[in-house]
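Given chain A, put chain V in place with the hints provided.
Line order of the protein sequences matches chains A and V. The first sequence runs 1 to 525 under the working numbering. The second sequence runs 526 to 622 under the working numbering.
The hints are simulated quantities; they were obtained by calculation from the structure and are not laboratory data. Don't be surprised by glycine CBs; every beta carbon is placed ideally from N, CA and C. Warning: the hint list may mix true and false statements.
If you anchor each label on the Cβ, the simulated ranges turn out as follows [said to hold, decoys possible]: (1) V:Thr529 <-> A:Arg351: 39 to 49 angstroms; (2) A:Ala399 <-> V:Glu547: 25 to 35 angstroms; (3) A:Arg512 <-> V:Asp589: 45 to 55 angstroms; (4) V:Leu596 <-> A:Phe143: 23 to 33 angstroms; (5) A:Ser240 <-> V:Glu561: 42 to 52 angstroms; (6) V:Glu561 <-> A:Ala399: 48 to 58 angstroms; (7) V:Gln531 <-> A:Ala327: 19 to 29 angstroms; (8) A:Ala243 <-> V:Ala617: 34 to 44 angstroms.
Below, computed lysine-lysine pairings styled on BS3-like, alpha-carbon distance capped at 27 angstroms [claimed, not checked]: (9) A:Lys341 <-> V:Lys535; (10) A:Lys22 <-> A:Lys117; (11) A:Lys72 <-> A:Lys22; (12) A:Lys263 <-> A:Lys341; (13) A:Lys55 <-> A:Lys22; (14) A:Lys117 <-> V:Lys535; (15) A:Lys72 <-> A:Lys145; (16) A:Lys411 <-> V:Lys570; (17) A:Lys72 <-> A:Lys117.
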Amino acid sequence: MTSLNRFPFASSAAELLVALRKGDITSEDLVTAALAQIQTYDRHVGAFLSIRGEKALDEAREIDRRRTQGDKLGPLAGLPVAVKDNLCTQGEPTTCASRMLANFIPPYDATVVARLKAADAIIIGKTNLDEFAMGGSTETSAFQKTRNPWDLERIPGGSSGGAAACVAARMVPLSVGSDTGGSIRQPAALCGVTGLKPTYGRVSRFGLVAFASSLDQIGPLAQTVEDCALLLEVLAGHDSRDATSINRPVPPYRELLLQQPEKVRIGYVPEMLSDGISPDVVRTMEEAIDVFRSLGAAIQEVSLPHARYAVATYYIIACSEASSNLARYDGVHYGYRTDEKAMLAELAEERRRLQQEGNLAALEDLDTALVRLYRKTRAEGFGAEVKRRIMLGTYALSAGYYDAYYLKALKVRRLIRQDYDRAFETVDMILGPVTPGPAFRIGEKINDPLAMYLFDLFTVSANLAGIPALAFPAGLSAEGLPIGLQLQGPPLSEERLLQVGHMFQRVTDWHRRRPPLIENNGPLS
Amino acid sequence: MTLTRQEIEKVALLARLILTPEEVEEMTGQLGRVLEYMALLNEVKTEGVEPLAHAVEFANVFRDDQVEKSLDREVALANAPHRDEECYLVPAVLGDV
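Chain A extracted, bound-state conformation (with noise of 0.2 angstroms):
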């Protein structure tokens, strides 16, 4: 209880089980530590959308009644987990930070969701994120700002902005992410913990609200490798609710971290290094490489040729996916729905408007009553930057372009797949940034959406080809805010990242430092 007092979460979840099964401490003093540390700091961060207390403290109350009864528990019992708010909870909101879904109530559990709750995992609140998971900085979620615990000014990435502020700001030891183009895995590194973009299929997406259905998975974020590895364990699996679920037993991920991985090829790529990326960012990889080499890796330079085109590659796909996926919300079914009788007035007022004009070219155009019942509700349901991705993978699957846009990127992403796999013929894994710079600042980039996209230059790829990136946190920049790196690797190679991932934890200790505002643990104005 000791370290508790101070910070909450200065203990890891691995360490924090231990000391709930010795009875050291209990799951009501966990989440009451969690929600002091919420209450403290989470009108400065602005991490979380919605906030379970009472109902987690009930939780983690029973947890305790059936651990003193000598009930056998599941393997994260008692430990507090936030999740990201475009996984459905059953019966509590799931608003995917949008207007569109501000009152929408699931009627069932993301499997994700499910597999926690049968874990006896309590579940804190629901966390922020960019609208429907679009975008890098949780700018354009609709509600709330989310801001970097590092720095107050700056961005904590995205669309996981919520999940990875939360463990940077020590309120909840672990919590679950999207990663759709390094939506984990970018806000891990600018927040300084550690987050897994899993094999695709690895976990299963029933519930989680759709953005590009090929490119998403569910992952988990934590201080530690080894808190990702039991989280993991928890998440994945096959589900057949999940047609791309894929059916490969779980292997014991944490167990696993206990055996050293035999000789370590790490490829890196030259080029990754060169213009346009931060010399923090290139220092932090060369001191990275070197810790691997004293811990005995084989490092060596291999060449993804098709990485600068993932960019472009994927914009084209995610925006197409998301258009189509995104078509569902209507107005009718669920979600927001536009004011109908000032819908229907307007609309009469137009059609009046054009008879008078004898312009009877328009009155053709003139929408139906459902059509214009769409078009509004989605015009005001939607904010900018969703307008945009559906704007532009409408127009990329429109008659015409098409094959110029999405055949095309299809074709491209894979000759990303297969640079992968000639690299992963020499090597086990890929070392590399995960972003070209630090946090930048709030409304640094949000009116340049091509900057904003050109920052996932680094991520992007793991998704195209579907394969597992850990990244965790490498360094500090010169101003100190986090810089992360990520290890990639061949499709279901999630124990080894996970190991290479820990053995470089267990040397260094960049996951352990706080922000300067939890340390402090000052009074803020």
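Here is chain V on its own, set in the frame of chain A:
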């Protein structure tokens, strides 16, 4: 790649969106610049390359053809913005005036 206002308006209709004149203005510039960047893909030779739609190339995934329990009607309708006892309600589609 330059986009015209008419093209933006046409895509907005296909996407079932309505854009304000300011949004049309903004999107014409922003999307034009993004599409210009995407033209980078033209330098990649892709003759004979099979498109990759999914990273894990599954064949069909079937389950047994057995009736399973699905959501009760009341639960399915619970989030509907406008409904009656058993249906979603929409503006009149036929005889639209």
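### Task
Would you list, in rising numerical order, the hints stated earlier that this structure does not obey?
1, 6, 12, 14, 15
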